[in-house]
Amino acid sequence: MTLKSLLLGATATTCLASAGWAERGADGHVNLIYWQAPSIMNPYLTGGTKEREAASLVLEPLGRYNVAGEMVPFLAEEIPTVENGGVSDDLKSITWKIKPDLTWSDGSPFSANDVKFTAEYCMHPEGGCAQLAKFEGVESVEVVDDLTVTVHFAEPQPNPYGPFMGGQAPIIQAAQFADCLGAKAPECTDANFSPIGTGPFKVDEFRPNDVISLSANPNYRDPAKPRFATMTFKGGGDATAAGRAVLETGEFDYAWNLQLAPDVIANMEAAGKGVALSAFGTLVERIEINLTDPSPDLPEGERATAKHPHPILSDMRVREALSKAIDRELLVEIGYGKAGRATCNLVPAPAAYASDNTDCLEQDVEGAKALLEEAGWTDSNGDGIRDKDGKKLSLLFQTSTNAVRQDFQALIKQWWGEIGVETELRNISASVFFGGDPGSPDTFQKFYADVEMYANNFDGTDPQSYLASRTCNKAPRPESQWQGENINRYCDPAYDELIKELGRTADLGKRGEIAKKLNDMLTKDSYVILGLVDRGRVSARSNTLGGVELNTWDTELWNAADWYRIKE
Amino acid sequence: MLTYTIRRLVLAIPTLLFISLVIFLLLELAPGDPMAEVPLTVPPEVKEKMRLALGLGEPTHIRFFKWMWQFFVIEPMVFADWLFGTDLAGGQQRVLSWQFRSPVMDVVVQRMPQTLWVVAMSYVVGVLIALPIGIYSAYRQYSLFDQAGTFITMVGYSVPPFFSGVLVIVIFSVQLGWLPSIYDTTLVVVDWATFKQQLMQMVMPVMVLALQTTAQISRFMRASMLDNLNQDYVRTARAKGLSEMTVVMVHVLRNSMIPVITVIALGVPQIFGGAIITEQIFKVNGLGQLLITAIQANDLPMVHTVTFMLAVLIVLFNIVADVLYGVLDPRIRYD
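Protein chains in written order, with the working numbering: chain A, 1 to 568; chain B, 1 to 335.
In isolation and in its complexed conformation, chain B is listed as follows (with noise of 0.2 Å):
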């Protein structure tokens, strides 16, 4: 288990080298000029100089090995400095964002707090809801629970977070003037009446982004139930006389999750490429506005490193996907 660990790990470096130059040549192909936000009233000759201050001048080879340079070597340092304080960086130049002249990864690192609570709270929560949904649609199949279960999860798959997100606003907000329609990233949770803040501007978003996951992830707890619930040792449990409880919670449902499991892994990464659309409607600003402004101002230091991470944690949760697949399921073995 081990090896197949380290080697998976191994392989991936190569992996994530070609998504990182596959990015950075689509990024550089695309059309689009980082000066294109600047008014027109700026006369070219101008904007020619803010576009060599840029780094555009050189070459598109020597940008990339910057990149990579910046990334792999000297913002590792910088953290490590930061962990230990230490000066291995000694204030050489970081992967800087064009849009704000500052380094990517201090944004990066702060609009993690409010992307980790938003959009994570509601994967949590969505799984939370998805599993009993699942389980208990699939023991009672074809029962007005299930019906009504498959009915909302169906429409939770198809509508859209533009459209649930307005909605809640126009109702919680507008009308009947309940919660706030605007996240405050700068509060801090001190004491209770700010905890009670958090909670207020955390509902709406969370629960549209749940929403989307509780459908998902119930539709699989329930296809998977299903496949458990007929087969033979179900069975031969009943027929041992174990109550229901113990033949659905315990032995059901183990082998059920193996699956399950995975799916919910590979959402992970989901969640730090943020919720793109959820976050610009309620104003959260975490890492999936900070993609989207980004690619509109044609940052392309910031896209690069923000997608780039994105790969990352993708190829590495499809990794923890597989292994707990192995560790979960004692028929599956790698080695």
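The shape of chain A in the complex, shown without the other chains (with noise of 0.2 Å):
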């Protein structure tokens, strides 16, 4: 035996001893930053991602999406479906199987009433509840036994995961919070920064938009875990400054969500730290186009509705023409570099509902000007503005207040140019443009403009609500006090009905068909929507910190009790 082969042996035995001596806390002190600080710990009265974050490393749901956007169990002993008859054949019910012998951090037991606690908390009418959307539909939830919960649904679900699954809804005990129901959720300060749960950590001190003190959650189910004894919870600040922390000096271990240009992030990289992580998830930055007239012209009440299409972009060749002039790729490379990719769809991922359309990916200013010569648009007097029966080709663009985005706007403007297109440019700060507040012209459902440029996203893995957003029925109007998604005023009866199929399909596969299908429809047959850029998520982790998942479909902390430091 040589001493290399000797070397060698020892050190794998060192590695097997190592692993096998692994005990909750060996790992010691974490360090994580987060420059948008949370303010709360209940992800029931906040819809913000960054107290969903944090709340994860201590409340947890009966099943979480993983990477891929799979479902795995976490609570559950297994996730519910039509095959293993955990979902009802009439997709009425889904009924839960709880892990036996879990115990709440307090080391109470946990049990079915703490599941059925948590949707009456959240479904109270007075509570305010953020995350409502999620038990949409639910009837009722009866306990069964200690072990098992079925959710019952007026309407068939064909997606019955909304309730208990994912970061948004998870299981809240309900000897903390019976007295916090309804009109006083908010007044429970105590168990609003510091809930009791399942998940690896507990909080030792909750101190809002600062900083929270966390360890280990003596009573969590795997003995092992988590590795690290303490945490500390760092927040704000701002991305720069998160980043360099991590990536530069060093002094943490874990930075969230940094919305950097892509130079920045390299630059910071090759200090050598750390590494930035990135993971796609279903965020689209896209150019919404307006169907109704936007002229302020016409009096307040008809302005932007069904009542008058718009004169120039209710012709679809025009609509074309806008998106064949825009080059993606590189809006991707100045804009997000390593966090984006190019993309003509709405609905980009997961793989079974993302659909193959890519024509737009090539910038095609010639046939752009062709489209609009078809159109009849011509420059008639020489200006380098084409126009049409004495009206200039004009358009009012607007976004919300953010640098990339105005980068964004001027190249847009600049191709849109080039094929005679007039483009005015506006931006609205954010908190107007997404505030939804029916007296402000300017917010983003209002759409007094002729195109917009924004990103949206949906929760979870299935894309049936987002798609079904954009029916009809849910275009903003006077009517509706300016609420709805569909802000294009798009309305094809023939996406309405394709939507009401798709809420009575279970089938996976078949799913996916229409689910592409209606994408398509949104984007390619009518280019009412023109996908830009899709939009990943950038992290960053220290050189020493293992077992870190970017998840784009749950929380990133989602695997938090697996986190590990790397021996040196």
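The set of hints was computed from the structure by calculation and includes no laboratory data.
Possibly wrong hints are sitting among the right ones.
What the hints assert, rightly or not - The calculated lysine to any residue pairs, modelled on SDA-like cross-linking and capped at a C-alpha distance of 25 Å, are:
1. A:Lys517 with A:Asn456
2. A:Lys116 with A:Asn84
3. B:Lys49 with A:Leu181
4. B:Lys49 with A:Val138
5. A:Lys50 with B:Val108
6. A:Lys500 with A:Ser140
7. A:Lys338 with A:Asn457
8. B:Lys49 with A:Asn84
Said to hold, decoys possible - Have a look at the derived ranges for each label pair, beta carbon to beta carbon:
9. B:Leu176 with A:Asn113: 54 to 60 Å
10. A:Val365 with B:Glu28: 46 to 52 Å
11. A:Lys413 with B:Trp69: 50 to 56 Å
For glycine and all other residues, C-beta sits at the position ideal for the given N, C-alpha and C.
Fit chain to chain and form the complex, with the hints in mind.
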């Protein structure tokens, strides 16, 4: 036996031994930095992502989505499906079996009553629960026995995984929140700041918008986990500073959501203290086209409603030309780098629902010009701007105030200029633009402009409700207080019909086909939505933090129990 | 003097009530929505319910009076309960933040230590550096020291903390690795090791902030000294054969300090406003960061309460400055 093989053998045994000795808390302390600081630990009282992320260390749902977007059981024994009998054949109920012998971090046993209570808590009419949409259609939650709970729906639910799945709908302890139902929910400060959970960590101290101190949950179901004894979850600052703390100075182990210019991240990575991770979800930066006339000459109440079709953009050829003129690859390169992919779709993922629509990726200025000629838009007076019947081809392009979006606006304005379209740019503060105030003329729903750009995504992996928001009756209009997500005012009876069919279909393969068809109807068949960039998430971890799997389908901290310190 | 002080304090009450109303109305009229940060995936009906749960369904004037009641009656009761262990408040609703759903004052109290450590310390350090610089620059006007001092204070005045802060982080944290770039608010000083840690994390934010204070105060000090150095009484003092030290440090300095002290007093409320930019850069998460995040989240009760408390301090320290002026300068008497 040579010295080398001896050494190798010795190393191997040490590795094995250390794996065998792995015990809770063996890896000491871990530091996380979220540049947006969490303000509360109860995901039911805030729609914010940062709070949901922080809460997921403590509170767990019955099942989560993994990195590939597949469902994996957490507190449940298995994911109920029609095949294993967990989902009834009429799709009106789903029965969850809970793992036996689970306990809360305070040592009390976890039971099906806690699950039922969670539903009551969120569905309380006065609670203002932010995750109410997850419980849509739930008629009742029935406790069958201590470890079995059945959710009954009023209508057949082809996707019954809304309640208790994923980071938005975790289980809270009935005993702790019993007096916090409805209007009392906000008054339970202690419970909202330090919820008792089943997750790998428990809250030691919560300082809103500043820092959370956590320690390993002594009653976590896997005695070897979590590997970290304590955790500091620091919030505040900005994305640059967070990236710097992980990638350049190495003070922190994990930084969330680094929305930075691609070259900035590359420079930070060069310091060699950590690596940037990226993963893609369903967030798509897109241009939405207004099919109604936003002209200020129209009376309020009729402006931008279906009563007046858009004088220019009602013609599909113009919409297609606008799409053809854009070089999406260049937009990605400038704006997002590693964190973006060019797309033409509204639903870019998961693979089962993503259409293979890639026609738009090639920029085609000549083709765009030809389309405009065909549509009758010519430059009759030689000023570089096309016109028709004395009307100039001029568009108002609005978006929220954000450096990348303003870069995109400038580029797109230039490309549209090349095909003879005049573009006026406008940007609006995000809190107003997305604020949804029916009294404000500047919201994205009211859409008092010709085209607008923003990003949106859908929760979880099923795009049904996301696609269903484009049916005729979801158009924002005065009667709906300008609420609704069909902001193009797109209205196609065939589309509405197909949405209904999707609602009746449970077979995953068929659902995929229908979803792709719906996506194509909005994108390449009608060009009312021009997908631009499929935006991923970039986070960073230090070189010594192991076990991180960046997940865009659930929270990024979904597997924090498995994180460990890489020994040098 | 006492009657003057009392009169000013009584007059401050309507001023403050008016300020409170103006702040409230400004916030009311400003565009923005507390639900704007909620992702678009949350349906509008749910958002509407969340708005109602925040109390936004009630008319404006009711909300204003509710805030007044909570701030001026319930919060002092809670404070008294905490002080004397009584139970006056009896669980009545306090001013609740929309972001945290917890009492605003609790968070403000939580933020006090780091703000006082960093921002107040920087003010003290800034003043301590500024006074000698100002005195010596004036005494040796147009000397090399004065020129250099003028140059440095001008730089201090004109370089914004978002530049100097990041610059020192890049030098001392990234390149040299001496100091932490992120302030640990959970650190409790119990022994020499933690004291050293506290010192290390305070150095950069304190110096960045102190640079600004130094620049401002040393200019005032210099100007005030120059005014006095040419006065007749200084010549008299020198003619009497007093030492230069006594002339400058006793006669001139005492008279020059009068306007400078009022300037220093007027600057104190700034400490409690926190230093929004510097706090963000070093992640100190004090009152400044609290205010800016509340503004971004449209957390109106929080913004209203914090800005109002600032207004109280500003009004108060204006009175303090006026009274001090009278105390220090025998020529000024209010009665």
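| query | Hint by hint, which ones does the structure fall short of? | reply | Failing hint: just 8.
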